[in-house]
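Asker: Spelled out, the chains give:
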Amino acid sequence: MTDLIAPPRSNPFAADKIVSAATQFLVVAAVLTGGYMLFVTTQGNLEARHIESGFTFLGHEAGFPIGDSLISFEPADSYGRAFVVGVINTFYVSVLSIIFATVVGVVMGVAQVSRNWLIAKLAEIYVEVMRNIPLLLTLLFVYGVVLAGLPSVRRSIELFDGGFLNQRGLYLPRPLPLDGFGFVLAATVIALIGAIALIVWARRYHDRTGVAVPSARISFGLLFGLPLLAYFVAGAPLDWELPVLKGFNYRGGLVFRPEFAALLLGLVVYRGAFIAENVRSGIQAVGKGQREAAAAVGLTPGRTMQLVVLPQALRTIIPSTTNDYASLVKDSSLAVAIGYPDMVSIGGTMIGQNGQAIEVIGMWMAIYLAINLVVSLLMNWANLKAQLVER
Amino acid sequence: MKKILFPIMAAAALMAGSAWAGTLDDVKARGQLNCGVSEGVPGFSIPDSSGRWVGLDVDMCRALSSAIFNDDDKIKFVSLSSKQKILAVVTGQVDLTSRTTTWTMKRDTKEGVDFTAIVYFDGQAFMARKELGLKSATELDGATVCVTSGTTTELNLADFARANSIKFEPVVFEGKKEAVNAYKSGRCDALTTDYSQLAAFRTTFPKPDDHEILGDVISKEPLSPLVKHGDNQWKDLVTWLLVGLISAEELGVTKANVDDMKANSKNPTIQRMLGVSGDYGSYIGLEKDWLHKAIKATGNYGEIFDRNLGLGSKLKMQRGKNALWSQGGLLYVPPLR
Chain A
1 MTDLIAPPRS NPFAADKIVS AATQFLVVAA VLTGGYMLFV TTQGNLEARH
51 IESGFTFLGH EAGFPIGDSL ISFEPADSYG RAFVVGVINT FYVSVLSIIF
101 ATVVGVVMGV AQVSRNWLIA KLAEIYVEVM RNIPLLLTLL FVYGVVLAGL
151 PSVRRSIELF DGGFLNQRGL YLPRPLPLDG FGFVLAATVI ALIGAIALIV
201 WARRYHDRTG VAVPSARISF GLLFGLPLLA YFVAGAPLDW ELPVLKGFNY
251 RGGLVFRPEF AALLLGLVVY RGAFIAENVR SGIQAVGKGQ REAAAAVGLT
301 PGRTMQLVVL PQALRTIIPS TTNDYASLVK DSSLAVAIGY PDMVSIGGTM
351 IGQNGQAIEV IGMWMAIYLA INLVVSLLMN WANLKAQLVE R
Chain B
1 MKKILFPIMA AAALMAGSAW AGTLDDVKAR GQLNCGVSEG VPGFSIPDSS
51 GRWVGLDVDM CRALSSAIFN DDDKIKFVSL SSKQKILAVV TGQVDLTSRT
101 TTWTMKRDTK EGVDFTAIVY FDGQAFMARK ELGLKSATEL DGATVCVTSG
151 TTTELNLADF ARANSIKFEP VVFEGKKEAV NAYKSGRCDA LTTDYSQLAA
201 FRTTFPKPDD HEILGDVISK EPLSPLVKHG DNQWKDLVTW LLVGLISAEE
251 LGVTKANVDD MKANSKNPTI QRMLGVSGDY GSYIGLEKDW LHKAIKATGN
301 YGEIFDRNLG LGSKLKMQRG KNALWSQGGL LYVPPLR
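So the protein sequences, as listed, match chains A and B. Going by my numbering, the letters in the first sequence line up with residues 1 to 391, in that order. Going by my numbering, the letters in the second sequence line up with residues 1 to 337, in that order.
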């Protein structure tokens, strides 16, 4: 009788399996054929219209200048290098925006659920205003305000010795490392390792004995104190290149241009509003009983937020915030509107000079995809960590 | 996102198979001419206060529409950014682009378009504030310069800097308006684009006299309408229409006297031009009196210039290089015969 209740053996040649396998095969074949035909038609059309195709142009001289670059770039450099400059700029502004938008989002999200009426309302107004205005308008507005609000070069605001603020940007002294600066770097690395080790040890010690060690404060002191000590022991091995007014502009030093500042600010305040909503909804999703229980064991409201509510809220916050980060990276392409040379702006110039739109668009898509896949991977990993907290 | 979408649409159009009917047949069947123009350059192509497109480039399309339909307004104007102007023609979104576009070898041979006839001889120049007291553009070493992307302007700027061993700090904008606004707000020491456009934009400033256009013209910018590569009939039509408008000025045929000339002129060239003798219109797929219709609607080249850029306009520009060859300019067209 046992034979009767044995599970049915899976037979790869059963009729329904064959049908489903055949269907899948046909779908894949149709997609591949479609893709191939698209490719052939495109090639044919490009040839018929005498339009060059392929990526050889990346090696040709670009010929156009780029105003804001983190790596050196001259018009005599190649299109490929120009595009790399754009990719770096996109990446740079995206990463900084993600960091600041997160800070703004968390602060505003927590403020929205604050018991202080004024703070809660102000945060709510911020969120409602920012997320209901198109980002392009916010950017144009911020850029306009930045330019209109700052003085001309001749009337620069001197913030401190060697720090100037004007319409052309924020000019700061550039640190130039001298001999012995490696000593300071080494001290920084040692301090960093020490701080991490201390925090890990303190947590284990606390779990074992229940005695709290003020590890945060100590490592903070360590992080700043040790490099500073090393700096003075090594005889202050740092020179400063000051920006100097020469001709039309300040030369030398570090400069943050208004386009960059406007883009960063616009992205941060806009995306920060969305993240604030995620944080608010995440906090409110944590059961009221959790907070009451925390209050019952005598935790202050601040400690309750830090130890009980936020860790649980993270589970709802992280997945939706991943989407916001991905949107932020894509939104950075609006840089073209305010003259910041991001990847889309530089790629656009390349299309204008070359007419090879398909190749450049393909490159844009590949880079955005790559950046966002990395963001996704990191966030999924963070999500996994947050989920593990669940008991 | 519109700006990003456009090239994608264009790319999609390239990926699709398309029939290669003649553009003229398409235009006639559609009953409308699709004309690519700028996003708003005073004197060349800009909507007036009632929303009607006006300008030198616009009038070229109006003349064309008149020659085909005997109506100067059977046109859909499509506003294109620098980046879009070539793709829009290649993909057939517009039948021609009449948009201050410089005729270069690469565009003509490698980008799937053909240029027709030069409608304006321009050159790139710089505008700066008078208070700087500049005498030449070579004194702009280290200056911040506002530019528009996707144009020959960017390349000329870089070449000029290299040739004179000076350095500029460029701020590159997608649109002309943004570049002009950034210059006005003081973000840049100088604004660079074609001379004619600098002059045109300056008239829109609150205090035009505070700004000067520096004498150095750093490039040759022969501006020409462009059509899709490979449609010779359409290219011939556009080319000879422009030739016709310039010939009309040479012969003194104007909007006001064109009817009279057609009825009474004994000049065989004028008779050929206006369809009294011969059938030159049929060579380009149009009716006998194609040029008569065009001149009746827009006037000859000289009238178009005066109305949009010259003394009859706010810009008050001299004809300069854009005068007829017989008056010391560069306009010299092949004979209509």
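Keep in mind that the hints were calculated from the coordinates and are not lab data. All values derive from a computational prediction rather than experimental measurement. Some hints here could point you the wrong way.
[Stated by the list, open to error] Cut-off 25 Å, straight-line C-alpha distance, at most; resulting in silico cross-link-like pairs (BS3-like, lysine-lysine):
#1 B:Lys184 with A:Lys246
#2 B:Lys296 with A:Lys246
#3 B:Lys167 with A:Lys246
[Claimed, not checked] Here are a few chain B residues that face chain A, going by a calculated C-beta distance under 7 Å:
#4 Ile86
#5 Gly112
#6 Thr138
#7 Glu154
#8 Leu155
#9 Pro170
#10 Gly186
#11 Asp189
#12 Asp260
#13 Gly310
#14 Gly312
Glycine included, every Cβ here is placed at the ideal spot set by N, Cα and C.
Asker: Checked against the structure, which of the hints given earlier come out wrong?
Answerer: Violated: hints 2, 6, 12, 13 and 14.
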